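Residues per chain, in single letters:
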Amino acid sequence: MAAPLTLLLIVAVTIRAVLFRSSIAELISERVEVVSPLNAWKRVVEGLALLDLGVSPYAGDVFHETPLIIYFFHFVIDYAEIVFMMADTLTALALYFAVKDYNKIVFRKQKYALEADRYPLDCLELIRSPREMLYIPLKVAMFYLLNPFTILSCVAKSTCGLNNAVIALFILSTIKGNALMSAIFLALATYQSIYPLTLFAPALLYLLQRLYIPVNWRRPSFWLFLAQYVFMYLGSLGVMICLSFFLLNSWDFLSSVYGFILSVPDLTPNIGLFWYFFAEMFEHFRLFFICVFQINVFFYTIPLSIKLKEHPVFLIFMQIAIISIFKSYPTVGDIALYMAFLPAWNHLYRFLRNIFLVSVVLLACSALFPVLWHLWIYAGSANSNFYYAITLLFNVAQILLVSDYFYAYLRREHHLTHGLYLKRKDGSEATLVLK
Amino acid sequence: MATYRCIIYMLAFIICGSTVFITADIQTNQGKDAESVFLEGVRGTTSDPSLVLSTDTEDQTQSAEKEQNREAIEVETNLVDAPSDNIVNHVHDTMQTTEPPPSEDQTQRFAKDERIWKATEVEENLVADAPPTPKETDHVPETEQTPDVPPELTAKDQFQEELVIRPLHSGDIYASFQFRTLWDTDFLHGSKVSHYRLFPKSLGQVISKFSVRELHISFTQGYWRTMQWGQPFLPSPPGAELWVWFQDTVTDVDVAWKELTNVLSGIFCASLNFIDSTNTVQPSASFKPLGVGNVTDQRFLRYAVLPREIVCTENLTPWKKLLPCGSKAGLAVLMKSEKLFHSSFHSQALHIRPVCTDWKCTSTSWELRQTLNIVLDLHTSGQGKREWSLFKMFSRTLTEACPLASSSKVYVDVTDNPQGELFDLSPATSLLSQAVVLGDRRTYSVYDLTDPATFGQTHSLNMLLRWKAAQSVEMLRPLLHGERYVAGYGLQTGEIHTLVYNNHPYRAFPVLLLDIVPWYLRLYIHTLTVTSKGRSNKPSYIHYQPSKDRLQPHLLEMLIQLPPNSMTEVTVQFERALLKWTEYTPDPNHGFYVGSSVISALVPSVVAMDTNNTQERPLFSSFFPCKEESSYFMRVYTEPLLVNLPTPDFSMPYNVICLTCTVVAVGYGSLYNLLTRTFQVEEPSQGLAKRLANIIRRLRGVPLLS
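Heads up: the sequence lines are chains A and B, in that order.
Residue numbers for the first sequence follow full-length UniProt numbering, so the first one is 1 and each next one is one higher.
Residue numbers for the second sequence follow full-length UniProt numbering, so the first one is 1 and each next one is one higher.
What the hints contain is simulated information worked out from the structure, not anything from laboratory work.
Bear in mind that the values here come from a model prediction, so they are computed numbers and not experimental data.
There's no promise every hint is true.
One-sided and incomplete, this derived list gives chain B residues near chain A with beta-carbon spacing under 8 Å [to be verified]:
id: 1; residue: Ile-542
id: 2; residue: Lys-580
id: 3; residue: Thr-647
id: 4; residue: Thr-660
Think of the CB as a built atom: it goes at the ideal place given N, C-alpha and C, for glycine as much as any other residue.
Build the full structure now, drawing on both the sequences and the hints.
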C-alpha cells in the first residue's frame with residue numbers, strides 16, 4: 001500500500017506546487033468561498049504587519065487568528081506554501097492511518113459477531129469483506145488530497161487546512177487509543193475554532209469503548225476515565241490559552257477570536273447561512289437569532305451521542321459535517337474534511353436514497369458560486385439574492401447528504417439485527433418506515 | 001450708463017439710510033445690557049493703538065454728513081438706553097465675577113476693570129451732560145500715542161474685519177473674508193465669565209463649559225483646485241471638519257466631545273451630531289495646537305470630518321450672527337447667500353484659540369477668527385467676462401465699516417499687476433501693503449473702510465477689476481499639491497492611491513500624510529507602498545490605528561520625505577464590507593464618502609517668514625504661527641472619495657429570514673426525524689370502511705374486526 005500512497009502524495013503536492021506558481025493563486029486567495037475573515041491568508045499577513053508596526057494585531061477588526069497561529073507564522077512566513085502543503089499531506093496521512101485502524105477494528109468486531117452468530121442469515125451480503133476494505137484508507141486519503149475544495153483551500157493558504165490537520169490528528173490519536181494526545185489535539189482544535197468542542201463526546205465514547213468501560217453512570221471506572229479525559233482536555237486548553245496570554249500579554253484575543261466567531265459581526269459573503277441572514281436581520285431580533293443559530297451547532301451533540309453511542313467514529317463524521325454546515329464562517333476547506341470520510345461509508349451505498357440528486361446539486365452549486373458572484377459583484381447585473389440562493393441550495397444539498405448517510409447507517413444497523421429481507425405478518429415483502 | 005449710475009446712487013442712499021437705522025438698532029440692543037456704554041466709554045478714552053496706526057495717515061478733519069448723523073444717533077441712544085441702574089448692575093456683575101477669593105491676578109484685573117469703569121462713568125456723565133455734538137469715537141486721531149501702550153490699556157475686546165480679493169489666473173475670482181474678535185479674558189485658569197462684549201456669548205459659553213482650548217470648524221461646499229487657483233489662505237476639506245483641543249483638566253474627553261458636537265450642531269444648524277466614534281480620530285502629529293500653549297498630548301485632541309455634509313444658507317445665517325455687527329454693517333453686508341452659494345467653492349470657517357496679546361506673551365486672550373472664502377466662476381457668475389466688481393460678485397456695494405470694528409479693510413492682490421498691465425483697478429487707491437503670504441511676498445491695494453474718503457462722492461465702494469488681456473500669464477505651480485483616487489473594479493476590493501507632488505525645483509521636504517478611512521473599507525496595511533520617482537520611499541514614521549467594526553475608523557499617519565520636483569504615490573488596498581441593511585444610507589448606491597487626506601508640511605519659503613506672531617499684520621497672512629523664517633506651514637486637502645459598497649436586497653428581509661430558517665429547519669427536521677424515530681415494518685393500513693365499522697363496534701361494545 002505504500003507505493004500508491006506515495007504516488008498519491010507526490011501527485012497532490014505537484015498539483016499544489018504548480019498552482020502556487022501559477023497566476024490563478026492570487027485569484028483563488030480572494031474567493032469568498034475559499035477564504036473567510038477567520039482564516040484568510042491576507043489577514044494573517046496583516047496581523048504580522050501590525051505586529052511589526054508595534055500595534056497589537058487584535059487592536060483592529062481584521063485579524064482573527066489565534067495568537068499561537070500568528071507566532072507560528074512569524075517564524076515560518078517564508079515557507080508558508082510548504083507549511084500548507086505539509087498540513088494537507090499530514091491530514092491525508094492521519095486520515096489514512098486512522099481509517100486503516102478503524103477498519104481493522106470494524107473487521108475484528110464483525111468477525112466476533114459472525115462467530116457468535118449474531119447476524120441474521122440473510123445479512124451475509126451486508127458483511128464487509130477485507131478485499132473491499134483494503135482500498136478504503138487510500139480512497140480516504142485520495143478524497144482529501146485530490147478534492148478540488150482541498151486544493152483550492154490549500155492554494156489560497158487558508159488556515160482552515162491547519163485546523164483540518166489538527167482535527168485529523170485528533171481522530172488518529174483517538175482511534176489509536178491515545179487519550180492524552182487525543183485530548184491535546186482536541187483542545188488545540190477547540191482553541192482554534194471553538195466548534196470542535198462537540199467532538200469531545202465521540203472521542204470519549206470511543207476511548208471508553210476501546211477500554212471496554214461501559215457508559216454507565218453507576219460505574220466508578222466510567223467516572224474515573226471521564227474525569228481523566230476532562231482534566232487532560234481542560235488542562236491542555238488552559239495551557240494554550242495562558243500561553244497565548246503570555247505571548248501578547250493581553251486577553252484581547254478572546255473577544256477578537258471567539259467573540260468574533262460567536263457574535264458574527266463580519267457579514268462578508270461566504271457559503272454559509274449566517275451572512276445574509278444577519279445582514280437582513282431586524283436589529284432587535286439579532287441577539288435572539290444569533291443564540292438560536294449558534295446553539296443549533298452544538299445542539300445535536302447529545303441526541304446524536306445517545307443514538308450513535310456504539311458508533312463513535314460515525315458520530316465524529318456527523319459532528320464534523322454538522323459543524324461545517326452550520327458554523328458561522330464556513331469555507332470549502334471544512335466541507336472537504338468531512339467529505340474525505342465518505343469512502344469509509346462505502347458500504348452504505350445501497351441504502352442511500354438520493355445520493356445522485358445531492359451530488360448533482362453540489363456540483364452545480366460549486367460551479368454557480370463564482371458565476372453568480374461575478375454577476376453580483378463585478379458585472380452588476382445580478383444582486384445579492386442570486387448568490388444567497390445558491391448558498392441556500394448548497395446547504396440544503398449538504399444537509400440532505402449528511403442526513404442521507406445518517407439514515408443509511410441507521411438502516412444498515414437495523415438490518416444487521418433484524419435481517420435484510422423483512423416480511424410482513426402476512427408474509428408479503430415488507431417496507432421499512434421510520435415511526 | 002446714466003440709469004445704472006442712478007440705480008447705484010439710489011441703492012447707496014437706501015443702504016446709507018438702512019445702515020443708520022441698523023446702527024441705531026445695534027446700539028439700542030447693546031445698550032440694554034449696558035455693554036455698549038461700557039464699550040463706547042472705553043473707546044472714547046483709551047484709543048486702540050492699532051486704530052491709531054490704521055488711521056494716522058488719513059485726513060481726520062473730513063467728516064461726511066452720514067458719519068455725523070450716525071454719531072448723533074449713537075449719542076442719543078446712549079442717552080436714552082443707558083440709565084444709571086444699568087451701570088450699577090454692571091458694576092455688580094463685575095464684583096460678582098471677582099467674588100471668589102481674590103488671587104493676585106484677579107485683584108489686579110478687578111482693579112483694572114474698576115479703572116476702566118471710572119473712565120466710563122466720567123464719559124457717561126460727559127455724554128449725559130453734553131448736547132448732541134459730534135462725539136469723539138473711533139476716528140479721533142491720537143497720533144501722539146505710540147503703539148507701545150501699557151498692557152492694561154490694550155486689554156480689551158477688539159474686532160477687525162478684512163476682505164481679500166485675489167484675481168485668479170483662470171479668470172475666476174477668489175474672495176476671502178476674515179473677521180477677528182479678540183476677547184480679553186482668561187478661561188485657561190479657571191475663572192468664570194458672565195459678561196460678553198464683542199465675543200458671541202453662545203461660543204463663549206461653549207468653550208467655558210467644555211473646557212475647550214482650541215476649536216476649529218469649517219463647512220465647505222466644493223473642492224479647492226490647487227493647480228488652478230494656487231493655495232487658499234485657509235485650507236479646508238469638502239464637507240464639515242471639526243477639530244478641538246481640550247484643556248488638560250477635562251477628565252472624560254470622549255463625553256465632552258460628544259456633547260460639544262451636539263451643541264455645535266445646534267449652533268450651526270449642521271449635522272455635526274453625526275460625529276461619533278466611527279469618524280473621530282486622534283491624530284498624533286498632523287494637528288498641533290495653533291494658539292499659545294504647548295500641550296501636545298493627543299489624548300486631548302479630537303478630529304472628525306463629515307465629507308457628506310452639504311453647506312447651505314442655514315449654516316451661513318448662524319455663522320453671520322456671531323459677528324458683532326451681524327450682517328447689517330461692515331463687510332458682512334456683502335454676504336448674501338444667493339451669490340455666495342452660486343460659486344464654485346464656498347468655505348466658511350471658525351477658529352477659536354488663545355493667542356498672545358504682546359510680543360513677550362505675558363498675557364493671553366481668546367481669538368475668534370471667522371473666515372469665509374468663495375471662488376466665483378468666470379463663466380457661471382461672471383458671464384464669461386473678465387470683469388469683476390463688488391456689485392457683480394455680491395449684488396451689494398460697501399458703504400461703511402462695521403462701527404464696532406477697529407480696522408476694516410479691503411485688500412486686492414495686485415502682485416502680478418505692478419504697473420497695471422494685466423488689469424485695471426478702479427477706484428484707484430494709493431495705499432499699498434506688502435505681506436508675506438504662503439512663502440511669497442505679495443502686494444495688495446488697500447481700501448480702508450474706516451476712512452470716509454474711501455467711499456468717495458457716491459458714499460459707496462464698488463471696486464471694479466477689469467482684465468486687459470484675455471490671456472493671462474502662467475501661474476506658478478504650487479509647491480505642494482495632492483490628489484487621490486480609488487483604483488480597481490468590482491465591489492469586493494479596491495486600492496486607494498494618494499499622489500503628493502513636490503514642485504520645488506531643488507528642495508526636498510517632509511510631509512505628514514493623514515488618512516482617515518471608515519471601518520467598512522478594511523485597509524490592509526501590509527499592502528501599503530510609497531514610491532517616489534519609481535523607487536520605494538519608506539516612510540520614516542508610521543502611526544497606524546486599525547479600525548474596529550462599527551466603533552472606530554482606520555487612522556493612518558505617515559511622515560514621508562518628498563524628493564525635489566517629484567511625485568510620490570501612496571497606495572493601500574482595502575476590502576469592501578457588506579453591512580447590515582439598516583447601516584446603509586438611504587441612497588446606498590450613491591456610495592459612501594471617505595474624507596480627504598490631509599497633507600501637512602513645512603514648505604521651504606522663498607522669502608523670509610515673519611516669526612513675530614503678535615505683530616500687526618493683515619489677518620489673512622497671520623493664521624498659522626510661524627516658528628522659523630525659512631519655511632512656512634501649509635496644509636493641503638485631497639479630494640474626498642466616493643466608494644461603492646456591495647448592498648443586500650433591501651426589500652426582502654422577511655423572505656431571507658423565512659428562507660434561511662426553512663433551511664435550518666430542514667436540517668433540524670431531518671436529524672430530529674432520524675434521532676427520535678425507529679425503523680419499523682410498514683403494515684398496510686386498514687380501509688376506511690373497516691375503520692368506521694370498528695368505531696361503531698367499539699361504541700356498541702362488540703369485538704372489533706381484525
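Each hint, compared with the structure:
{"no.": "1", "hint": "Ile-542", "result": "6 Å, holds"}
{"no.": "2", "hint": "Lys-580", "result": "5 Å, holds"}
{"no.": "3", "hint": "Thr-647", "result": "7 Å, holds"}
{"no.": "4", "hint": "Thr-660", "result": "4 Å, holds"}
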